[in-house]
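Line by line, the protein sequences give chains A and B.
First residue of the first sequence: 1, per UniProt numbering; consecutive thereafter.
First residue of the second sequence: 1, per UniProt numbering; consecutive thereafter.
Just so you know, not all the hints are guaranteed correct.
[Unchecked claim] EDC-like, lysine to aspartate or glutamate: derived pairs with alpha carbons at most 20 Å apart:
no., chain 1, residue 1, chain 2, residue 2
1, B, K228, A, E191
2, B, K57, B, E69
3, B, K173, B, E186
4, B, K228, A, E154
5, B, K57, B, D70
6, A, K228, B, E301
7, A, K228, B, E191
8, B, K228, A, E301
9, B, K57, B, E146
10, A, K228, B, E154
11, B, K228, A, D189
12, B, K57, B, E68
13, A, K228, B, E186
14, A, K228, B, D189
15, A, K57, A, D70
16, B, K228, A, E186
Hint data in this document are derived by calculation from the structure and do not stem from the laboratory.
There are 2 protein chains.
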Amino acid sequence: MPPEPLSGHAGDAPLFNRLCLIGVGLIGSSIARAARERGDIARTVVAHTRRPETLAKVRALGFADVVEEDPARAVEGADAVILCVPVGAYAGVMAQIAPHLAPGCILSDVGSTKGSVIRDLLPQLPPGVRLVPAHPMAGTEHSGPEAGFATLFEGRYCILTPVPNGDPAAVEKITALWRRCGSMVERMDAETHDKVVAIVSHLPHLIAFTICGTADDLAEETREAVLKFAASGFRDFTRIASSDVDMWRDIFLNNRDALLEMLARFTEDSHALARAVRYGQAEFIEDRIRRGRRIRRGLIERKQA
Amino acid sequence: MPPEPLSGHAGDAPLFNRLCLIGVGLIGSSIARAARERGDIARTVVAHTRRPETLAKVRALGFADVVEEDPARAVEGADAVILCVPVGAYAGVMAQIAPHLAPGCILSDVGSTKGSVIRDLLPQLPPGVRLVPAHPMAGTEHSGPEAGFATLFEGRYCILTPVPNGDPAAVEKITALWRRCGSMVERMDAETHDKVVAIVSHLPHLIAFTICGTADDLAEETREAVLKFAASGFRDFTRIASSDVDMWRDIFLNNRDALLEMLARFTEDSHALARAVRYGQAEFIEDRIRRGRRIRRGLIERKQA
Ligand SMILES: NC(=O)c1ccc[n+]([C@@H]2O[C@H](COP(=O)([O-])OP(=O)(O)OC[C@H]3O[C@@H](n4cnc5c(N)ncnc54)[C@H](OP(=O)(O)O)[C@@H]3O)[C@@H](O)[C@H]2O)c1
Ligand SMILES: NC(=O)c1ccc[n+]([C@@H]2O[C@H](COP(=O)([O-])OP(=O)(O)OC[C@H]3O[C@@H](n4cnc5c(N)ncnc54)[C@H](OP(=O)(O)O)[C@@H]3O)[C@@H](O)[C@H]2O)c1
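Let the sequences and hints guide you as you build the complete structure.
Take a look at the structure:
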């Protein structure tokens with residue numbers, strides 16, 4: 001089923017009566033904005049955020065019907081709750097809200113790692129609350145409630161990693177939510193998800209953060225020149241590296257095994273290429289460059305590039 | 001001195017009488033096009049390229065006044081010759097043209113490595129011929145004579161790496177050529193140049209080529225998902241990785257020492273970050289992410305991002 005266009009669907013009944021967003025930075029506020037623009041996602045949107053400054057911003061921006069500073073009160077009476085905080089905060093947030101989740105309520109999230117999310121949420125899940133982990137593959141370099149916009153998820157994938165013996169009806173409702181946000185929804189197990197994002201997103205970020213530091217450590221004179229002549233290669237890396245500190249710290253710590261595995265594979269491969277450079281093995285080098293071009297073509301054919 | 005605008009300067013005398021380009025792919029053909037559009041770079045532009053197919057294309061595109069298949073004849077009577085071939089081809093090309101370079105002629109180039117260029121050209125330099133190595137920091141992912149355009153160098157840096165005891169007047173003329181192409185001209189020694197481009201361009205490309213291969217080696221099922229969900233991180237990497245095979249093979253082989261040094265530094269740094277991930281050292285990770293953001297800000301302030 002293709003995603004639905006983002007425009008008022010007065011005819012369709014809202015999916016949820018009371019949708020509560022725990023965390024309304026870039027991702028949470030974008031969900032709230034999409035819900036407000038469409039009208040067919042939730043009758044009422046409740047927003048909770050931790051810090052008084054952010055609460056004040058959320059009130060001023062006005063994308064939520066109710067702004068609630070107490071997470072326990074925020075989730076009360078909600079038939080859907082979506083966690084939109086850094087993945088390292090899940091266990092603590094869950095301890096606060098779990099006793100207040102209504103029976104039958106759907107608990108979902110948008111976290112960038114999924115094994116850790118199931119690990120941190122499942123043990124605290126009250127009976128009758130239905131867990132549906134999700135990860136929208138959309139984002140920008142910016143964060144906070146000002147950074148969100150209603151069309152952020154349009155045309156992007158959203159991966160659901162349903163839990164074993166979960167409720168199929170709850171998975172369907174979260175699928176419908178993301179389709180109404182404009183996304184293409186895919187399902188896979190949490191382990192596969194974590195490997196895929198480790199190679200397509202987490203390792204590239206680790207590399208980008210690292211190479212910036214490597215450049216920064218060069219002697220003063222060279223560093224000035226590095227900044228001055230940063231060619232497109234380095235520029236692309238540093239665009240990546242401008243992302244949020246807390247979010248990326250939590251992602252690295254919570255996708256540790258897959259990330260370290262992908263880094264180990266990458267390091268082996270980069271050493272093989274370095275060895276070919278050292279010993280002047282032109283054919284090996286050409287082969288590696290050609291493989292890169294092949295993958296690139298694959299991306300273009302899929303229109304993801 | 002700011003770069004001159006790219007428009008006819010009928011008033012200014014051409015810098016050269018007969019400018020010969022050895023190699024007219026992306027870079028060489030862009031110089032030819034800029035010379036033709038401005039009129040104040042050379043009275044006559046001579047183009048040489050190696051393969052009959054490319055020669056036919058160059059004739060059809062019509063950006064050169066003379067198209068010459070024999071490199072020795074191409075350089076005859078030229079007061080400036082610019083090598084625009086992959087850096088691995090320099091020694092062989094120089095052997096063919098050196099006996100035919102006119103005394104007083106300026107020999108320059110556009111190669112992406114500079115230590116190797118001086119190594120390969122200087123021993124063969126006939127007396128009276130003046131060498132001025134140069135590297136325009138501009139390019140696209142595309143190659144060949146069709147890919148060039150007159151404005152490619154506008155607003156970009158061009159680095160000159162003058163040789164010891166070289167002719168200052170020749171350096172001034174090549175500086176003027178690049179300014180008329182719209183570039184900002186900087187000078188540094190070849191060794192510093194090679195280190196700077198190793199970190200800002202060559203290592204990022206080595207990493208990009210490598211990570212594509214790493215992804216390609218993953219089990220069939222995960223690879224499909226990798227291609228499907230390639231998030232922005234991986235997309236930026238693969239954009240880099242779509243570049244020309246011969247050019248990059250030659251760059252890696254001809255900037256070996258600086259490239260291996262930068263890779264070794266980067267690998268140490270990535271292992272330090274990996275170790276922090278393994279042992280859950282949040283502060284170390286945060287520090288690395290923050291450093292990346294600082295460099296990024298540096299780039300933005302310099303308007304290079
Ligand atoms: N950004 C992306 O590209 C992207 C893409 C896909 C998924 N995600 C995932 O989406 C989630 C949110 O990311 P985001 O980009 O929306 O982040 P963000 O813009 O920085 O917003 C984070 C939100 O979480 C709250 N928060 C932060 N730390 C907290 C803590 N320790 N305890 C409780 N609340 C906390 C913040 O509240 P205060 O401001 O009030 O402190 C804010 O409301 C993360 O799990 C991330 O992995 C992000
Ligand atoms: N592309 C960039 O981003 C960029 C940026 C700055 C500097 N450079 C440097 O500019 C130079 C040219 O790059 P380019 O992008 O213009 O390459 P290109 O578009 O692939 O053109 C290469 C030219 O060199 C000729 N050539 C290739 N191999 C040769 C050989 N073994 N012997 C003699 N001639 C040969 C080709 O002739 P045939 O087609 O007739 O074989 C063609 O005329 C390289 O040294 C590169 O390092 C490139």
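Hints, one by one, checked against the model:
1. B:K228 to A:E191: Measuring from Cα to Cα gives roughly 17 Å; hence the hint holds.
2. B:K57 to B:E69: 12 Å, holds
3. B:K173 to B:E186: 14 Å, holds
4. B:K228 to A:E154: 16 Å, holds
5. B:K57 to B:D70: 16 Å, holds
6. A:K228 to B:E301: Distance of about 10 Å is within 20 Å: holds.
7. A:K228 to B:E191: The hint holds at about 17 Å.
8. B:K228 to A:E301: 10 Å, holds
9. B:K57 to B:E146: 8 Å, holds
10. A:K228 to B:E154: Within the cut-off at roughly 16 Å; holds.
11. B:K228 to A:D189: 16 Å, holds
12. B:K57 to B:E68: Between B:K57 and B:E68 the Cα gap is close to 13 Å, so the pair holds against 20 Å.
13. A:K228 to B:E186: With a Cα-Cα distance of about 10 Å, the restraint between A:K228 and B:E186 holds, given a limit of 20 Å.
14. A:K228 to B:D189: 16 Å, holds
15. A:K57 to A:D70: 16 Å, holds
16. B:K228 to A:E186: OK: B:K228 and A:E186 at ~10 Å, within 20 Å.
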